[in-house]
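Chains B, C and D with the ligands: place on chain A using the hints.
One-letter residues, chain by chain:
There are 4 protein chains.
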Amino acid sequence: MEKMIITAAVTGGVTSRRDNPNLPITPDEIANEVYECWKAGASIAHIHARENDGTPSQRVDLYQEIVEKVRERCDVIINLTTTGWGQKGVEADRWNHLVSRPEMATFTPGSMNRKDSVMINSPAFVRRLAEKINEYKIKPEIEIFDFGMIDQALKLAKSGLLQEPLHFQFVLGVPGGIPANAKNFLHLKESIPSNSTWSIAAVGKGQLPMNLLGIIQGGHIRTGLEDNVYFKYGELAKNNVQLVERLAQYAADLNREIATPKEARRILGIGDDS
Amino acid sequence: MEKMIITAAVTGGVTSRRDNPNLPITPDEIANEVYECWKAGASIAHIHARENDGTPSQRVDLYQEIVEKVRERCDVIINLTTTGWGQKGVEADRWNHLVSRPEMATFTPGSMNRKDSVMINSPAFVRRLAEKINEYKIKPEIEIFDFGMIDQALKLAKSGLLQEPLHFQFVLGVPGGIPANAKNFLHLKESIPSNSTWSIAAVGKGQLPMNLLGIIQGGHIRTGLEDNVYFKYGELAKNNVQLVERLAQYAADLNREIATPKEARRILGIGDDS
Amino acid sequence: MEKMIITAAVTGGVTSRRDNPNLPITPDEIANEVYECWKAGASIAHIHARENDGTPSQRVDLYQEIVEKVRERCDVIINLTTTGWGQKGVEADRWNHLVSRPEMATFTPGSMNRKDSVMINSPAFVRRLAEKINEYKIKPEIEIFDFGMIDQALKLAKSGLLQEPLHFQFVLGVPGGIPANAKNFLHLKESIPSNSTWSIAAVGKGQLPMNLLGIIQGGHIRTGLEDNVYFKYGELAKNNVQLVERLAQYAADLNREIATPKEARRILGIGDDS
Amino acid sequence: MEKMIITAAVTGGVTSRRDNPNLPITPDEIANEVYECWKAGASIAHIHARENDGTPSQRVDLYQEIVEKVRERCDVIINLTTTGWGQKGVEADRWNHLVSRPEMATFTPGSMNRKDSVMINSPAFVRRLAEKINEYKIKPEIEIFDFGMIDQALKLAKSGLLQEPLHFQFVLGVPGGIPANAKNFLHLKESIPSNSTWSIAAVGKGQLPMNLLGIIQGGHIRTGLEDNVYFKYGELAKNNVQLVERLAQYAADLNREIATPKEARRILGIGDDS
Ligand SMILES: [Mg+2]
Ligand SMILES: [Mg+2]
Ligand SMILES: [Zn+2]
Ligand SMILES: [Zn+2]
Ligand SMILES: [Zn+2]
Ligand SMILES: [Zn+2]
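Chains as they are written, first to last, in the working numbering: chain A, 1 to 274; chain B, 1 to 274; chain C, 1 to 274; chain D, 1 to 274.
Check the hints yourself; a few may be wrong.
Identical copies go unnamed one by one, so any copy, or any two together, can satisfy a pair.
Said to hold, decoys possible - Straight line, CA to CA, 30 Å or less: simulated DSSO-like cross-link-like pairs of lysine-lysine: (1) K262 with K137; (2) K232 with K158; (3) K158 with K205; (4) K189 with K155; (5) K39 with K3; (6) K155 with K205; (7) K205 with K238.
In case anyone wonders, no lab produced these hints; they're calculated from the structure.
Next comes chain A alone, as it looks inside the complex:
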């Protein structure tokens, strides 16, 4: 079986210090947390920037600072969000920070109701984002919140805006999206092209069970406070590292070896044509 890539999603755009006081927020906190996760086995760091008061931010200089601080510490693969929480209306704010040249960036190919609002990624926006990602030679992590998004990604691949082999991140359990259970996960996994790679994430109490399925099924997994603030029922996580460490332990029990960043780059085809 392929080695397993662990992504640490250390901060996110929604989790707050009220949810978990241990959330890393400043560039230094984020870079240090990423470094600790890397030591525990994470080979990708998925990053959202925040202002010092915790507000989600799309400031380019802030992303630049985080990226530099992470790079000083370790060779983890940097994966920046393009979700643009809190930025309404200014489309380019969702990709301007990619000038910091991360190796990966998230890419959500569709729209849906998300809790009490509508998460909009119109077909036209999605195409422009794909062009920008291609221009920067960034590996897109295709985020699948609902089933139909797979189809939209496949059409982009057909039109040449995404390149196979595709890499999918299944994000289950987001309210409005596909619920986090084994049946839904298998259905997603069985509906992507066979040459694809995939990772699984889930929010809240679905995080750990879906991660275990990822381990068992030979895929990759994402954990972190972005998706879930608890270590177990009724017990907040002390930090992101604790979540990564437990998965590394489970992986050892289940005979899955952990990929280093270098191995993860090979698995994902990052840097192939550099």
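What follows is chains B, C and D with the ligands alone, placed relative to chain A:
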């Protein structure tokens, strides 16, 4: 096995006379087509109004006229759209026509990319539409274009805005939604509450195979020019009736009896508390 | 989509004239029935021999006579059973008749309870049968009555006793085996190697719905009085041809073209190395 | 979610001291091992007897001795095998030991190839075994090695020989049966009556992943040296307890509470009519 309800979706909001010159457009044409479909076995007529030039319309008087003309002709269950194609911005236009008091109306509980645009049914809109439908004691047909919409419907049911048993219309193959194949259909069917009723529709070439699955699996089915303009590959349908008649023939071969409108009302719980 | 192969299983080893008085029994009857099915679109004839009184028979000369009479009439692919009903204890009786050199033969890679008895194909017998089939360069049709039989076939392929691409016949609804429904069928189909070909058969009232699934899903199908004696609920089939003709009609509606025997040979890789 | 029942299958009929030198064999060893497993959270002990040299045995006095020694130590639910390994031909040897009146016994409702032999449970034998189990008021654990066995169990239930709610033990990964993977497990789980209870076991390297699925999916689980002799890849288990303890740890992480024997009796309906 339960008797099978056939819904005729005779016009829709997108199909044009350029797609199929036999599309019924005026109130008289629509009412006559519905009547013929009813004679062939349809017990529900799903209706969109059009201006005489074919433009989709939400005019209340137009819906009123169609409803009256259908009622003069037969006891088919009238199911009005609430999609509101072509009406941008004026929310109430999507429910004002319900004053004509149809027994059913479509109800789409979520948003998604649909071809080149975003089909928006925000959580707030969806709740207001549910309230309106409840006020008029209309049976909602919950349209499921993508998987996550089931979850949104179940949350509305939990909050009391939809009443169990729920009735779902799976609409497969819409670009941006869940593709039309047996695997996706089964997954949808297995993910709704066990006391629900369901019907299956699919657009384009998926229509007939998905209808056959509905027959085989003991559910209900929807056909019509709204979803598909062909009778078979390369051959346009002469009318909606031709599509209904073929399904009635298949149903006979497969030992499914066709429900009358009266039986359909019982199956769907329409008129229970009148 | 690949052209579709229809197999006519005209007699079988269990169906009797009490079940359906139109069952072909003698070599002439069988050959004539096969010929009519071939004219209606069948490209494979699956054959069991019977004594004149209807008793299942493994007599070599009887098989030889049937094979010759079919070959005089048409170029249909002949597929002989190796089930050996009614022959208890004499293992070679299950393959001696293969000296008539059919192009195909059934091959059941496992054991299970079948109605009130145990259908035994021990691992050792299965290996000997595979050797015999290989010796005669016959294409095996791997009959899958229950899920675990797939695994047994794959192990034979791994050991070199079966050659990929494999051809599977899913036979659903046999009491003791896997029930005939869409869920089970999809599960089987998704569990064979992706380079395999497959056909679907089901007994009794499952026959027509499972055949329709085969048409829809792009596979091949088997019909005939061996599996089911009814044309529809409460109405006995007049003959095998009537069943083949209906499937050809359905295939036309669903845009599946019917394979000629020549095309079927290419699809199945029959005669490749001759 | 229901509390989770852990079954310890401490010895089995196939595993030998050559496979794992820590295998408990004598009545004292078995009773002590069961006691330790019970302390670690097991509420059912699944037991096979062995002669002192390790040979599988159906001796009634040996079973009697084990049962008494276990009962002296703890209130674990005793579940005796009816497989009868190594006893060929004498049918009653498979149930005579039930005079020791265990609360549960395994019940395999079908036949299949198992590795290099045929595991035969003919329809007639299965009925007689059901009668014997009913006579003794033992709760049958219906062992499902392949898909079709579910159907055979349901037919026995229909005929009154098994009583709903049924309790199933899915045993995956036995060569000749259904392979151990998430897809097969979900398919089995979704194919039993909704009022059933179920547990999952798998042999060899499938044991731990399938147990994790059982925890995640809200079912019950079986572990032990009968099914698997390793703790992890390349490392033999020190004893059965080590396997039980790890599962209890995983259950804690995943918020599943462990059932005591008393709670397990309630969940399974054991002792209801006493
Ligand atoms: Mg969606
Ligand atoms: Mg079997
Ligand atoms: Zn994120
Ligand atoms: Zn409509
Ligand atoms: Zn046959
Ligand atoms: Zn056992």
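Checklist entry - Are the CA atoms of K232 and K158 at most 30 Å apart within a copy, between copies, both, or neither? => result Answer is between; shortest inter-copy Cα gap is 27 Å, intra-copy 42 Å.
Next on the checklist: As a check of your reading, is K205 near K238 (CA-CA no more than 30 Å) within one copy, between copies, both or neither?
Outcome noted: within (16 Å within a copy, 33 Å between copies)
Checklist entry - Checking K262 and K137: alpha-carbon separation at most 30 Å within a copy, between copies, both or neither? => result within (18 Å within a copy, 50 Å between copies)
Next on the checklist: As a check of your reading, is K158 near K205 (CA-CA no more than 30 Å) within one copy, between copies, both or neither?
Outcome noted: Result: close only across copies, 20 Å inter versus 36 Å intra.
Item to check | Copy assignment of K189 with K155, given that the CA separation must stay at most 30 Å | outcome: both (17 Å within a copy, 25 Å between copies)
Checklist entry - Given identical chains, is K155 near K205, meaning Cα to Cα at most 30 Å, within a copy, between copies, both, or neither? => result between (32 Å within a copy, 18 Å between copies)
Next on the checklist: At most 30 Å between CA atoms: does that hold for K39 and K3 within a copy, between copies, both, or neither?
Outcome noted: So K39 and K3 pass the 30 Å test inside one copy only (17 Å; across, 36 Å).
Consistency with the previously given hints is maintained throughout, with no hint failing.
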